[in-house]
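Chemist: These are the residues of each chain, in order.
2 protein chains.
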Amino acid sequence: MLLIDRFIEKIIAMQNPTCVGLDTIVDYLPAEMQEKITDNTTAAEQILEFNKKIIDSVCDVVPSVKIQIACYEMYGAAGIACFEQTANYAKEKGLFVIADGKRNDIGNTAGFYAQAFLGKKATCAVDFLTVNGYLGTDGIAPFTAECKASDKGLFALVKTSNPSSGELQNLKLENGQTVYEYMGGLVEKWGAELVGAYGYSSVGAVVGATHPAEAANLRQRLPGVFFLIPGYGAQGGNAEMLKCCFDKNGLGGVVNNSRGILCAYKKLGGAYYDAARQACVDMQKDLSDTIGKMGK
Amino acid sequence: MLLIDRFIEKIIAMQNPTCVGLDTIVDYLPAEMQEKITDNTTAAEQILEFNKKIIDSVCDVVPSVKIQIACYEMYGAAGIACFEQTANYAKEKGLFVIADGKRNDIGNTAGFYAQAFLGKKATCAVDFLTVNGYLGTDGIAPFTAECKASDKGLFALVKTSNPSSGELQNLKLENGQTVYEYMGGLVEKWGAELVGAYGYSSVGAVVGATHPAEAANLRQRLPGVFFLIPGYGAQGGNAEMLKCCFDKNGLGGVVNNSRGILCAYKKLGGAYYDAARQACVDMQKDLSDTIGKMGK
Chain S
1 MLLIDRFIEK IIAMQNPTCV GLDTIVDYLP AEMQEKITDN TTAAEQILEF NKKIIDSVCD
61 VVPSVKIQIA CYEMYGAAGI ACFEQTANYA KEKGLFVIAD GKRNDIGNTA GFYAQAFLGK
121 KATCAVDFLT VNGYLGTDGI APFTAECKAS DKGLFALVKT SNPSSGELQN LKLENGQTVY
181 EYMGGLVEKW GAELVGAYGY SSVGAVVGAT HPAEAANLRQ RLPGVFFLIP GYGAQGGNAE
241 MLKCCFDKNG LGGVVNNSRG ILCAYKKLGG AYYDAARQAC VDMQKDLSDT IGKMGK
Chain X
1 MLLIDRFIEK IIAMQNPTCV GLDTIVDYLP AEMQEKITDN TTAAEQILEF NKKIIDSVCD
61 VVPSVKIQIA CYEMYGAAGI ACFEQTANYA KEKGLFVIAD GKRNDIGNTA GFYAQAFLGK
121 KATCAVDFLT VNGYLGTDGI APFTAECKAS DKGLFALVKT SNPSSGELQN LKLENGQTVY
181 EYMGGLVEKW GAELVGAYGY SSVGAVVGAT HPAEAANLRQ RLPGVFFLIP GYGAQGGNAE
241 MLKCCFDKNG LGGVVNNSRG ILCAYKKLGG AYYDAARQAC VDMQKDLSDT IGKMGK
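Which chain is which? The protein sequence lines are S and X, in order. The first sequence finishes on residue 296 if you use the numbering used here, and the numbering steps up by one all the way, no holes. The second sequence finishes on residue 296 if you use the numbering used here, and the numbering steps up by one all the way, no holes.
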């Protein structure tokens, strides 16, 4: 069964399209863990311990995690080892793993990124990688080739969640389309050969919850493109704003939340992993109350 | 003295705007080095040895190296350690170091990438980082802030060297500009506070040698933007095609060559590092014959 179908079936089984964003930075750790950090190696150790406890605590209530590679690259090789171990641990616990790297390059070099994250010899158990399509089709082709060869997936940036995203993405083209609409059309084309039984492709799009008008427009234009939806929580997006990303069967996207889950203990009190689980349970209720039943 | 001025002075002193692209992959290594590779750790070891010998051999004839991070990420944490050691070694040998990562993300996350590559605690001695501006100004601001704080630089993708680059980048906007022209204007704005004595900013643009009409157009539009020019050699660009990137004083860009230098021994014979040096000497002659004297 194609990756995207397995992912959707897990979302349906859990009635939860939540993705826990493991954008773990030292500031998010409890004081007693922060105190143990003296260098990059000890930072990576404490972040890995934190991530594992979070994964243990949430793996039966959410289908997926998104690991923000920038948070690990900060610590050099030690950080990358922590990223790999986090991805592999999440995979062992049955979670779908999205590596958020927004990688991009010209063809042959893009192929090395594809090998790094999606290839058979990849050092990390990643299902989906985020990519940036500014270079056009030949910069994405090596990624989609690897998706076909190894049953992996992508999320390409289309309409990002940040305040300045419209600066380039919402510019109108001569043909009447906006840049993000045009990019959305490219993503649909890139994923055309990886569409599964639910009508969605393993090549999806990043569409921010913080721009509901654009998100609704994209859902209508791109019925076969699955969305990775950042921006819920700390960035200002909520369930009502992102409801438009989902189809009549309550499918079509996965919603990321990072700080709202990792730092829930700062609001709820108690152990960070217990608070994270509670935040996931609350988010499941919030999303399912708003989106409705997932699956026919 | 601002980074971009120091870089330009070194280019003038050497009369050579060449950047050696350390896109080192196993296939580029001599057979006897390839034979020693059994896993990621030994691959990283052999690549590091190759890079060091290349650096030793070229560091008095070229001003800079560009390290393609994708080639190192393929080997996981061991590869990243090799990337760091390569950057640090090149820096020790007096070379300007461009990390080619095309990184991009929303504001706070972009800040982590900025810390990773340009910050005071960075694990690698990088001068310039390549970035992708699809997310707009708030995704670039953390990088430019770090450039100001730590005297570092950027090269943002404007018109890339790959065949599909026009697919998005050459689209015409409603206002008559193309997407790449608009992006070029953003880059100029992002670098406005980092312009040095030669009139160029430490925030530059990636402009491929393979698209001379667009390159000439950008040089005219963006007199204060320094160009990182990929595409010379294996990708089909030559000195005549990229001459338009340079101003009347023979300044305005640095030209990358990867395979043509790293694999020169396959054509010229002899030791790979001697052939690489010869290829750099030949490239210096080719560029200076075409561009003319660099500096007033």
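There may be inaccurate statements among the hints.
Because identical chains cannot be distinguished in the list, a pair is counted as satisfied if it fits within a single copy or across any two copies.
Said to hold, decoys possible - Distance condition first, Cα-Cα at most 20 Å in a straight line; then the derived DMTMM-like pairs of lysine to aspartate or glutamate:
(1) K52 to E167
(2) K121 to E45
(3) K121 to D27
(4) K248 to E35
(5) K52 to D286
(6) K172 to D60
(7) K120 to D39
(8) K93 to E188
(9) K189 to D151
(10) K172 to E9
(11) K189 to E167
(12) K53 to D289
(13) K36 to D60
(14) K120 to D27
(15) K266 to D138
(16) K121 to E35
(17) K121 to D39
(18) K93 to D247
(19) K296 to D274
(20) K189 to D282
(21) K148 to E174
(22) K121 to D151
FYI, nobody ran anything at the bench for these hints, they're computed from the structure.
Chemist: When no copy is specified for K148 and E174, does a C-alpha distance of 20 Å or less occur within a copy, between copies, both, or neither?
Modeler: The answer is neither: 34 Å in one copy and 37 Å across copies each exceed 20 Å.
Chemist: Since the copies are identical, ignore which copy is meant and state whether K121 and D39 lie within 20 Å (CA to CA) inside a copy, between copies, both or neither.
Modeler: Classified as between: cross-chain Cα gap 10 Å, same-chain 30 Å, threshold 20 Å.
Chemist: Is it within a copy, between copies, both, or neither that the alpha carbon of K121 lies no farther than 20 Å from that of D151?
Modeler: within (14 Å within a copy, 38 Å between copies)
Chemist: Taking 20 Å as the upper bound on the Cα-Cα distance, should K266 and D138 be classified as within, between, both, or neither?
Modeler: The answer is neither: 45 Å in one copy and 27 Å across copies each exceed 20 Å.
Chemist: Pop the pair K52 and D286 into one bin, within, between, both or neither, using alpha-carbon distances up to 20 Å.
Modeler: neither (25 Å within a copy, 55 Å between copies)
Chemist: Which holds for K121 with E35 at a C-alpha limit of 20 Å: within a copy, between copies, both or neither?
Modeler: So K121 and E35 pass the 20 Å test across copies only (18 Å; inside, 36 Å).
Chemist: Have a look at K93 and D247 and pick one of within, between, both or neither, based on CA distance no larger than 20 Å.
Modeler: Neither: 29 Å inside a copy, 58 Å across copies.
Chemist: Between K189 and D282, at a C-alpha cutoff of 20 Å, which is it: within one copy, between copies, both, or neither?
Modeler: neither (36 Å within a copy, 43 Å between copies)
Chemist: Is it within, between, both or neither when you check K189 against D151 at 20 Å Cα-Cα?
Modeler: Close inside one copy (18 Å), not across copies (42 Å); limit 20 Å.
Chemist: As a check of your reading, is K120 near D39 (CA-CA no more than 20 Å) within one copy, between copies, both or neither?
Modeler: between (32 Å within a copy, 14 Å between copies)
Chemist: Between copies, within a copy, both or neither: which fits K172 and E9 at Cα up to 20 Å?
Modeler: neither (37 Å within a copy, 41 Å between copies)
Chemist: How do K189 and E167 come out at 20 Å by Cα distance, when the copy is not named: within, between, both, or neither?
Modeler: Between copies only: 13 Å across, 24 Å inside.
In this structure, the earlier hints numbered 1, 4, 5, 6, 8, 10, 12, 13, 15, 18, 19, 20, 21 are contradicted, and the remaining ones agree with it.
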